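Protein chains in written order, with my numbering: chain H, 1 to 129; chain V, 1 to 129.
No wet-lab data here; the hints were simulated from the structure. Among the hints, a few may not be true.
To be verified - Partial list, computed: chain V residues near chain H (C-beta under 7 Å):
1) M1
2) P3
3) T76
4) V82
5) E96
6) C101
7) F102
8) A111
9) F121
Only a predicted model underlies this, so the values are computations on that prediction, with no experimental measurement involved. Built from N, CA and C at the ideal position, the CB exists for glycine as well.
One letter stands for each residue in the lines below.
Protein chains: 2
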Amino acid sequence: MDPQLDKLKFDRDGLIPLIVQDVDNGEVLMMAYMNREAIEKTLATGKVHTYSRSRGRLALKGESSAHFQHVKQVLTDCDRDVVLIKVVQDVAACHEGYRSCFFRAYEPGAAEWKTVATKAFDPDAVYKK
Amino acid sequence: MDPQLDKLKFDRDGLIPLIVQDVDNGEVLMMAYMNREAIEKTLATGKVHTYSRSRGRLALKGESSAHFQHVKQVLTDCDRDVVLIKVVQDVAACHEGYRSCFFRAYEPGAAEWKTVATKAFDPDAVYKK
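Pulled out of the complex, with its shape left as it was, chain H reads as follows:
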């Protein structure tokens, strides 16, 4: 029904990788996966929906936390096998409380990845209430 979506290349599981980026400062917020239904829901509602591989179902990003991602632009790449969505992020994207899921940096010689961000919210307060 939507010829632009027909041209996207989904993988053997019917999924396409999604990168979500903050439209205001360019920060990469998270990576997830979408199936065709997730893209259609995202376009129809203006809020990012993903296909949750762990839960095996469509998921509205922010459905537990109310930290929604408001769609500003939807892009795809040269091969049309990745989707990039620029969003306005409510509060923070990461379920661990960070603005971005990419809060760990490689430190040469270290035993563990280094946390390079500070928390934007307390996940215990948001998810357990």
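Using the hints provided, position chain V relative to the given structure of chain H.
Coordinates of chain V only, in the frame set by chain H:
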């Protein structure tokens, strides 16, 4: 040998998604995949290496075009199943001549994705000489 790499989660094919971002302006340049060897080579050389699924081998990004990606920071996400590398990009990332592979935007109601970037180089001149 490297405890930080030991903590990364590779998929059933031994791969982990890689997002490459321009360190200067935050532009998402491309998505690719790495195996453990690609990450080790990237860390050892300071230039992004990927695992090319189409060619079935390790690939130095820019090996044909000399458009290398110089590593400035390597990050991973909360689940440690995605890698994000911030780079200084030589010339452009996309083999179609665009600075970023994400040069197509969704246009509501249109038949085709809209090209929203201009070419940084002529791919015919770079790849066929």
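Here is how each hint holds up against the structure:
1. M1: Cβ of M1(V) sits 12 Å from chain H, so the hint is violated.
2. P3: holds (5 Å)
3. T76: holds (5 Å)
4. V82: OK, holds: V82(V) within 7 Å of chain H, min 5 Å.
5. E96: holds (5 Å)
6. C101: C101(V) check passes; min Cβ-Cβ to chain H is 4 Å, inside 7 Å.
7. F102: Nearest chain H Cβ about 4 Å off; hint holds.
8. A111: With a minimum Cβ separation of about 5 Å from chain H (threshold 7 Å), the hint on A111(V) holds.
9. F121: violated (14 Å)
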